[in-house]
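Trainee: Chains as they are written, first to last, in our numbering: chain G, 1 to 100; chain Y, 1 to 141; chain A, 1 to 110.
It should be emphasised that the hints constitute simulated quantities derived from the structure, not laboratory data. Among the hints, erroneous ones may be present.
[Stated by the list, open to error] Each pair of labels, with its calculated beta carbon distance range: (1) A:E6 to Y:K66: 24 to 32 Å; (2) A:E78 to Y:Q63: 25 to 33 Å; (3) Y:M70 to G:R73: 40 to 48 Å; (4) A:N81 to G:G54: 51 to 59 Å; (5) G:G94 to A:G30: 32 to 40 Å; (6) A:E6 to Y:V122: 46 to 54 Å; (7) Y:A133 to A:G76: 40 to 48 Å; (8) G:G77 to Y:A133: 17 to 25 Å; (9) A:M1 to Y:G62: 31 to 39 Å; (10) G:G77 to Y:K66: 48 to 56 Å.
[What the hints assert, rightly or not] With a Cα cut of at most 20 Å, we get these calculated PhoX-like pairs of lysine-lysine: (11) G:K47 to G:K7; (12) Y:K84 to A:K73; (13) A:K83 to A:K72; (14) A:K95 to A:K105; (15) A:K34 to A:K74; (16) Y:K84 to Y:K14; (17) A:K74 to Y:K84; (18) G:K24 to G:K47; (19) G:K40 to G:K7; (20) A:K72 to A:K95; (21) Y:K84 to A:K69; (22) A:K69 to A:K105; (23) A:K8 to Y:K84; (24) Y:K71 to A:K69.
We treat Cβ as the ideally placed atom computed from N, Cα and C, and that holds for glycine.
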Amino acid sequence: MLNLVNKSPFERLAMESCLRVAPKGSAIVFLEDGVYAVTKGTAAAAKIQAAAEGSAIYVLGPDLDARGVDRERVMDGVTEIDYGGFVDLVVEHGTPQSWL
Amino acid sequence: MSEEVVFDTEGVRKNFMFLNRKAPYGTIYALEILEMILISAAFEQNTTVAFMDDGVYQIKKGQNTKALGMKNFSPMYGVVEMEKEDAEEDEDVEMVWRIVVEQESMEARGLSPEDLVLDVEVLPAAEFGALMAQQDVILGG
Amino acid sequence: MAYEVEGKTIEHDEEGYITNISEWTEPLAGIIAKDEGIDMTDEHWEVVNFLRDYYNEYQIAPAVRVLVKAIKKKFGAEKGNNKYLYELFPYGPAKQACKIAGLPKPTGCV
Chain G
1 MLNLVNKSPF
11 ERLAMESCLR
21 VAPKGSAIVF
31 LEDGVYAVTK
41 GTAAAAKIQA
51 AAEGSAIYVL
61 GPDLDARGVD
71 RERVMDGVTE
81 IDYGGFVDLV
91 VEHGTPQSWL
Chain Y
1 MSEEVVFDTE
11 GVRKNFMFLN
21 RKAPYGTIYA
31 LEILEMILIS
41 AAFEQNTTVA
51 FMDDGVYQIK
61 KGQNTKALGM
71 KNFSPMYGVV
81 EMEKEDAEED
91 EDVEMVWRIV
101 VEQESMEARG
111 LSPEDLVLDV
121 EVLPAAEFGA
131 LMAQQDVILG
141 G
Chain A
1 MAYEVEGKTI
11 EHDEEGYITN
21 ISEWTEPLAG
31 IIAKDEGIDM
41 TDEHWEVVNF
51 LRDYYNEYQI
61 APAVRVLVKA
71 IKKKFGAEKG
81 NNKYLYELFP
91 YGPAKQACKI
101 AGLPKPTGCV
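Based on the provided sequences and hints, a complete structural model is requested.
Mentor: And the structure:
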């Protein structure tokens, strides 16, 4: 199942809720303000790391660029995608669940 | 040589989940989703009404909105329970209704099933997530 | 727009549903019914009172399919069917009976 998280984990529970219920083998895309969740050294890092063991974690590149997040600040095990890659994921997994 | 085109819509039954994640009066989500559930009940689909995060507060007992001048819509969930009972009693229709609450969200808010206006199945996060993965359509937040 | 009943003015919307449901009285129901071309019988009152009880409990007016099912549960199959209810309220049992009962228009009712 494809999950979208577009809120900062420091403002909302969207990431936490998503990671809590998403079964192993899920795909999780961080976009918009959600991209802060996959940067190194934050209070959310341990949760992302644990999730990356069972699920595929993606981040939308244009949203990293917009927020000035250098690629070396993105956590290992997170796959960067562009809009085309995003569309491919939707085609592969079907309608996503948006954790608003 | 014309062949009659038959649209067979009888018996198309999908799994719909209505996912409630917002508290009742601060935003319009809760009421909108509830109205969506009541309207779509006419289409006789497999329906799961699910509560997690602050959505659990929607079905907290004892709501009183008089001083707010807003409608207390928590009694409307009684219709959801009625739809569920009808689905169970109706032998002509193979349809399943479930009302589920994610255990971790409920407990994090200091609530237990006795605090809720609905008779719910309490599911741990993993089971709740597995149920989400079985849905054809998830509506809500 | 308003109904006049027993010297009181009771506001309604452009479709005739009263604005404040706490202003409903039985004489008012009679007046709304007359406007709808309905002569209230015991059978009509049974449905109208049922709707008011339903609304008190659930805070919502039932859609017609829900009404039919609920009436069937309470009064039996000879009353819980579309034909019986449409004979009493030809323009739609949920819509017309709700108006007479002083309730808002049912959700999902066009």
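Trainee: Are the hints correct? Go through all of them and say.
Mentor: We went through each hint and held it up to the structure:
Taking the beta carbon of each, E6 (chain A) and K66 (chain Y) are about 27 Å apart, inside 24 to 32 Å as hinted. At about 38 Å, the CB distance of E78 (chain A) to Q63 (chain Y) disagrees with the hint of 25 to 33 Å. At about 45 Å, the beta-carbon gap between M70 (chain Y) and R73 (chain G) stays in the expected band of 40 to 48 Å. With their beta carbons about 53 Å apart, N81 (chain A) and G54 (chain G) fall inside the hinted range of 51 to 59 Å.
In this structure, G94 (chain G) and G30 (chain A) break the distance hint of 32 to 40 Å, their C-beta atoms being roughly 56 Å apart. Checked against the given bound of 46 to 54 Å, the beta carbons of E6 (chain A) and V122 (chain Y), roughly 52 Å apart, stay inside it. Our hint of 40 to 48 Å for A133 (chain Y) and G76 (chain A) holds, since their Cβ atoms are close to 43 Å apart. A hinted range of 17 to 25 Å holds for the C-beta pair G77 (chain G) and A133 (chain Y), which are about 22 Å apart.
Between M1 (chain A) and G62 (chain Y) the Cβ separation comes to about 37 Å, which falls inside the hinted range of 31 to 39 Å. With their beta carbons about 53 Å apart, G77 (chain G) and K66 (chain Y) fall inside the hinted range of 48 to 56 Å. Distance restraint check for K47 (chain G) and K7 (chain G): the Cα-Cα separation of roughly 15 Å lies within the 20 Å cut-off, and the hinted pair is therefore satisfied. Between K84 (chain Y) and K73 (chain A) the alpha-carbon distance is near 15 Å, which keeps this suggested pair within the 20 Å criterion.
Between K83 (chain A) and K72 (chain A), the direct Cα distance comes to roughly 12 Å. Compliance with the 20 Å bound is thereby established for this hinted pair. Between K95 (chain A) and K105 (chain A), the direct Cα distance comes to roughly 6 Å. Compliance with the 20 Å bound is thereby established for this hinted pair. At roughly 27 Å between alpha-carbon atoms, K34 (chain A) and K74 (chain A) are farther apart than 20 Å, so this suggested pair is violated. Our distance criterion of 20 Å between C-alpha atoms is met by K84 (chain Y) and K14 (chain Y), whose separation comes to about 16 Å.
About 17 Å separates the Cα atoms of K74 (chain A) and K84 (chain Y), which keeps this hinted pair within 20 Å; it holds. At roughly 14 Å between alpha-carbon atoms, K24 (chain G) and K47 (chain G) fall within 20 Å of each other, so this suggested pair holds. Among the hinted pairs, K40 (chain G) with K7 (chain G) is consistent with the structure: their alpha-carbon atoms are about 17 Å apart, no more than 20 Å. Using a Cα cut-off of 20 Å, the hinted pair K72 (chain A) and K95 (chain A) holds, with the two alpha carbons roughly 18 Å apart.
Proximity of K84 (chain Y) to K69 (chain A) is assessed by CA-CA distance (about 13 Å); at most 20 Å being required, the pair is judged to hold. Between K69 (chain A) and K105 (chain A), the direct Cα distance comes to roughly 18 Å. Compliance with the 20 Å bound is thereby established for this hinted pair. For the suggested pair K8 (chain A) and K84 (chain Y), the alpha carbons sit about 43 Å apart, so the restraint of at most 20 Å is broken. Of the pairs offered as hints, the one joining K71 (chain Y) and K69 (chain A) is violated, with about 26 Å between alpha carbons and a cut-off of 20 Å exceeded.
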